[in-house]
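In order, the protein sequence lines correspond to chains A and B.
The first sequence maps to residues 1 to 108 in my numbering.
The second sequence maps to residues 1 to 108 in my numbering.
Rather than coming from a laboratory, the hints here were simulated on the basis of the structure.
Since this is a predicted model, take the numbers as computed values, not measurements.
Treat the hints loosely; a few may be bogus.
[Claimed, not checked] Cut-off 25 angstroms, straight-line C-alpha distance, at most; resulting in silico cross-link-like pairs (SDA-like, lysine to any residue): (1) A:4 x B:106; (2) B:68 x A:67; (3) A:68 x B:22; (4) A:19 x B:101; (5) B:4 x B:72; (6) B:4 x A:26; (7) A:19 x A:9; (8) A:93 x A:21; (9) A:68 x B:7.
Residue strings, one per chain:
2 protein chains.
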Amino acid sequence: MIAKDFAELAVFSSEKMAKTDVAHGETLFAGLNCFEPGQQHAAHAHAGQDKLYVVLEGDAEIQVGDEKQLVSAGGGAFAPSGVMHSVRNRGEKRLIVLAVLAPPPTRS
Amino acid sequence: MIAKDFAELAVFSSEKMAKTDVAHGETLFAGLNCFEPGQQHAAHAHAGQDKLYVVLEGDAEIQVGDEKQLVSAGGGAFAPSGVMHSVRNRGEKRLIVLAVLAPPPTRS
Chain A
1 MIAKDFAELA VFSSEKMAKT DVAHGETLFA GLNCFEPGQQ HAAHAHAGQD KLYVVLEGDA
61 EIQVGDEKQL VSAGGGAFAP SGVMHSVRNR GEKRLIVLAV LAPPPTRS
Chain B
1 MIAKDFAELA VFSSEKMAKT DVAHGETLFA GLNCFEPGQQ HAAHAHAGQD KLYVVLEGDA
61 EIQVGDEKQL VSAGGGAFAP SGVMHSVRNR GEKRLIVLAV LAPPPTRS
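Isolated chain A, as found in the complex (with noise of 0.2 angstroms):
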């Protein structure tokens, strides 16, 4: 799969941060965590699952422990199994972020 421009492939919820799929591999996955201004992902961590932040479009504030900065399309964050991290959109514009996780989570 070859994608000219990822963020073309953005959902938007106005009531809560909205995901959708790029690729679901065996071993990694690849998607897209949309958010309107004001909207966050909350803390949470991932037990034996690696996951990197990639901004696309917008201007976030990504936080992985104790660390926390303004990052925007160029930049991201990796969190490391089992570390805390989180996501808000802190701009005046949508926020789009691919989000890679390894191993894929499982569908539900």
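For this one, chain A is given, so just place chain B on it according to the hints.
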């Protein structure tokens, strides 16, 4: 680890495409593939390892299986385990591609 700009970590070589690590977890690895104009990462495949490419700067000709496209910043590709893939810098500027692999490559 939080990075304001992944591309700041880039390293280049006049000899060939250069690589540098961004994050090495237990289940996920992220690194930069850095290409001077004309440089390429020849077609190859990984058994049991998925790869996601995200173009950060420059213009990449990416091939995955039979599909080939020119992709700029914000785009990328997913190469599932066992599928041939390659990247070539088709632009006149340097090319920086974030490569995310799961499981991580073994260090040699």
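Status of the hints after comparison with the structure:
{"no.": "1", "hint": "A:4 x B:106", "verdict": "violated, 30 angstroms"}
{"no.": "2", "hint": "B:68 x A:67", "verdict": "violated, 39 angstroms"}
{"no.": "3", "hint": "A:68 x B:22", "verdict": "holds, 18 angstroms"}
{"no.": "4", "hint": "A:19 x B:101", "verdict": "holds, 21 angstroms"}
{"no.": "5", "hint": "B:4 x B:72", "verdict": "holds, 19 angstroms"}
{"no.": "6", "hint": "B:4 x A:26", "verdict": "violated, 30 angstroms"}
{"no.": "7", "hint": "A:19 x A:9", "verdict": "holds, 10 angstroms"}
{"no.": "8", "hint": "A:93 x A:21", "verdict": "holds, 22 angstroms"}
{"no.": "9", "hint": "A:68 x B:7", "verdict": "holds, 20 angstroms"}
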